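2 protein chains.
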Amino acid sequence: MADTKALLTHIDDQLDVARERLFDWLRISSISAQPDHAGDCRRAAEWLKGELAGLGFAASVQETAGGHPVTLGHLPGPSGAPHLLFYGHYDVQPPDPLDLWTSPPFEPILADGPRGKRIVARGAVDDKGQTMLWLEAFRAYRALAGGLPVGVTVLVEGEEEIGSPRLPAFLDAHRKELQADVAVIADTGMWDIATPAITTRLRGSTYVEVKLRVAARDLHSGLFGGSAQNAANILAKALGQLHDEEGRIQVPGFYDSVKPLSRELLASWEALNFDEAAFLGRMGLRTPAGEKGRKALDRLWARPTADITGMWSGYTGAGAKTVIPAEASAKVSFRLVPGQDPSAVVEAFRRFILERLPSEGEASFNAMFKGKGLEIPSDSRWVRAASAALAAEYGRAPILMGSGASIPVVEMLKDTLGLDSLLVGFGLDDDQVHSPNEKFELTCFHRGQRAYVRLLAEIATSR
Amino acid sequence: MADTKALLTHIDDQLDVARERLFDWLRISSISAQPDHAGDCRRAAEWLKGELAGLGFAASVQETAGGHPVTLGHLPGPSGAPHLLFYGHYDVQPPDPLDLWTSPPFEPILADGPRGKRIVARGAVDDKGQTMLWLEAFRAYRALAGGLPVGVTVLVEGEEEIGSPRLPAFLDAHRKELQADVAVIADTGMWDIATPAITTRLRGSTYVEVKLRVAARDLHSGLFGGSAQNAANILAKALGQLHDEEGRIQVPGFYDSVKPLSRELLASWEALNFDEAAFLGRMGLRTPAGEKGRKALDRLWARPTADITGMWSGYTGAGAKTVIPAEASAKVSFRLVPGQDPSAVVEAFRRFILERLPSEGEASFNAMFKGKGLEIPSDSRWVRAASAALAAEYGRAPILMGSGASIPVVEMLKDTLGLDSLLVGFGLDDDQVHSPNEKFELTCFHRGQRAYVRLLAEIATSR
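So the sequences go chain by chain: A and B.
Here the first sequence stands for residues 1 to 463, numbered as in the numbering used here.
Here the second sequence stands for residues 1 to 463, numbered as in the numbering used here.
These aren't lab readings, by the way, just hints derived from the structure by calculation.
What you are looking at is a predicted structure, and each value in this text was computed from that prediction instead of being measured.
Quick reminder that beta carbons are idealized off the backbone N, C-alpha and C, glycines included.
Accuracy of the hints is not assured; some may be wrong.
Covered stretches of chain B (in silico footprint by chain A; criterion: 3 or more residues with CB under 8 Å from a CB of chain A, positions within the stretch not fixed) [to be verified]:
id: 1; stretch: 147-155
id: 2; stretch: 215-223
id: 3; stretch: 249-255
id: 4; stretch: 357-367
id: 5; stretch: 412-423
id: 6; stretch: 433-443
id: 7; stretch: 457-463
Working from the sequences, and respecting the hints, build out all of it.
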């Protein structure tokens with residue numbers, strides 16, 4: 001077994017090299033949502049295969065059924081050691097709106113920030129940067145010990161940002177070679193830059209695109225106004241009724257199956273003294289949204305939401321065009337919590353919209369994600385080992401926290417392979433994930449690698 | 001004085017030539033709203049100047065203050081004859097959405113339709129095609145009589161579709177050379193293809209673009225959902241409250257100054273037996289919009305409206321992007337009736353939106369048109385002459401009707417030059433004005449020219 005101190009020193013010494021390696025990966029614009037970037041997605045998968053092969057993994061790029069490929073790698077550990085499935089994703093969100101980036105999204109830079117250097121690029125933290133944390137930990141072991149203290153399978157997919165539609169079938173088809181004791185995922189956040197966290201609760205998600213059509217064509221707002229139905233008016237009215245004045249979602253039955261939280265859990269979150277005003281203030285916000293009368297972490301981690309993520313209708317160019325739009329569209333993101341069934345939410349939303357259409361109106365719906373909310377056992381061997389590793393690196397115990405975001409793969413790994421997931425991530429709230437100027441603090445990139453070195457050592461010796 | 005019958009025969013004989021001439025004009029993509037078409041607007045103005053010069057007019061292209069130019073022409077009539085100011089516009093609406101056109105918008109074609117041939121192009125009827133009606137009538141007089149039976153000034157502008165922002169100043173600066181007894185405008189419609197009409201009532205219009213901003217940037221809908229304000233949610237809610245369930249506009253004070261209609265006028269409209277089901281059915285619609293409990297022509301001609309003409313926010317590309325948008329925008333077209341003050345409506349709408357924002361929300365407003373609703377005296381010498389001409393051409397008296405659309409120039413001509421307007425147009429409800437596949441029935445193009453020949457003769461001999 002390698003000496004942990006030597007491994008950590010190696011990580012420290014190699015930080016610039018590791019960052020340059022990450023930059024190479026970030027330069028590949030692997031946007032899974034946009035078909036014209038399919039080639040870039042494949043390049044990102046191949047790039048990772050090369051890295052794994054260089055570390056001694058049996059590595060391959062595997063096809064999915066008509067989607068972006070998956071990079072797999074296998075490296076056996078010492079006899080009797082636990083076997084871990086490390087999951088990550090190489091795909092990224094579209095960078096729009098481009099004009100709000102201060103540097104090009106696929107030309108990574110090391111910029112100065114209030115807390116030191118930061119890596120700025122699309123994918124800097126979500127999830128290429130975080131995937132590199134454990135990859136660099138592997139590299140340190142490889143360099144100093146010739147191999148890893150545990151058995152490792154790597155699974156890095158390219159469709160996480162579009163809801164991993166082909167992953168369940170892929171997991172099922174590769175069930176045997178993906179066998180492991182636990183899945184490890186670096187795609188979550190810290191409590192703050194000095195306080196590590198393990199995420200034990202995740203919101204689920206469903207994402208519905210709705211397209212209304214009420215007339216055969218756009219109509220002149222003077223000649224037809226007062227008689228013709230207007231798809232934009234109708235959609236605004238329907239979506240405007242999604243929330244009442246208390247912020248409660250009005251889709252019938254939406255809250256019916258929400259599992260209530262224990263008083264203890266709510267109390268432990270309250271003890272964190274989360275500063276919502278500061279959290280919002282960093283984004284230029286002041287007034288909390290969501291359900292009135294509920295605490296911030298309850299709203300963010302344990303209550304379901306409905307957010308319009310996109311909306312378009314009629315003429316959106318320069319100047320004036322006096323049309324009554326025949327069509328109007330929106331994309332709505334629902335965040336779900338344990339107990340809620342994504343398919344039932346989609347169906348209830350569909351009825352909610354249809355009830356608000358005139359009889360000649362048509363609506364089509366495209367539900368893109370269906371991930372349930374999840375709770376992860378917090379007293380397991382894996383969480384205990386991770387807690388020890390994080391406490392050693394940061395000098396304080398990690399927070400067991402929730403996350404408002406979805407990681408549908410956690411549900412898929414449980415459903416298909418029976419695996420629990422250990423979620424240890426190093427993102428921060430202000431990393432601008434999915435937004436312009438996404439960044440990863442260099443210190444998080446650095447200490448995240450060190451934490452994964454320690455995590456491997458702890459797990460190798462854990463019971 | 002030329003023989004009317006010979007003039008009409010000349011019109012009949014020259015129909016193909018006249019149509020080809022119109023096609024030349026339609027090929028110029030004079031979209032006033034789009035800065036990159038400024039050169040095309042100028043070309044359209046120059047083209048018309050050439051036509052007028054060919055008819056013996058003293059013609060010129062005159063600059064406006066930083067906008068698209070105006071084509072002017074002057075041709076004196078016989079001594080003592082009335083002097084008419086013919087107004088038209090050479091600019092057209094943007095052709096979007098392009099994919100719904102069955103032929104390119106600026107490549108005019110003669111297509112087969114259920115009522116014979118039709119001219120299909122952007123501007124076919126609004127307003128190049130209608131402007132050509134009186135121009136071809138002038139040409140017939142020029143060919144057979146060497147000149148016109150009345151004095152004529154031609155004023156054809158290039159900013160009608162963007163609200164004629166520079167026309168009042170232009171009219172004021174050219175007040176002297178624009179002196180006339182009445183203005184004549186062909187930019188309205190018939191009652192139906194067999195029944196001519198004179199429009200004596202017009203709705204006004206104002207058009208407001210609103211842009212909301214609530215946060216510094218777009219945010220991840222999982223990490224921030226339940227806490228962060230969403231500009232799209234807020235805009236949908238605000239715009240969704242523009243109308244109540246009865247279709248009444250909820251902007252405070254909106255209806256306060258609406259002048260009530262006389263019982264007689266409403267009764268005369270009711271006698272037209274307007275078939276709203278058929279009117280809507282042609283557009284694929286069935287359920288009337290607008291205020292419940294009011295008759296269709298009241299809603300279309302005499303009641304104010306609010307229609308969202310464009311709306312956009314967040315991610316509108318392919319697939320899913322799970323953002324909470326920081327910004328959301330909409331364009332809203334208000335149609336106004338006599339008594340309403342456009343500036344007051346804009347201000348009331350501004351307050352309506354601002355009241356629905358969280359305290360950190362910002363909204364900018366850009367009001368693009370401000371035209372009042374108008375009533376035109378229907379017992380004048382000009383309306384009587386036009387009635388006689390239309391009755392002779394169509395074998396039935398014209399309908400004195402209202403229009404839901406705005407022609408702001410009518411108000412400007414009245415305010416600036418003191419001129420009443422005579423509105424005699426040959427469009428039909430299904431001409432797809434401002435929409436893909438705009439068309440002008442060939443028979444309307446033909447008989448419209450004949451009607452204008454008769455109109456000139458009637459006016460020359462009227463008292």
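Self-check item: List of violated hint numbers, smallest to largest
Solution: 1, 3, 5 and 7
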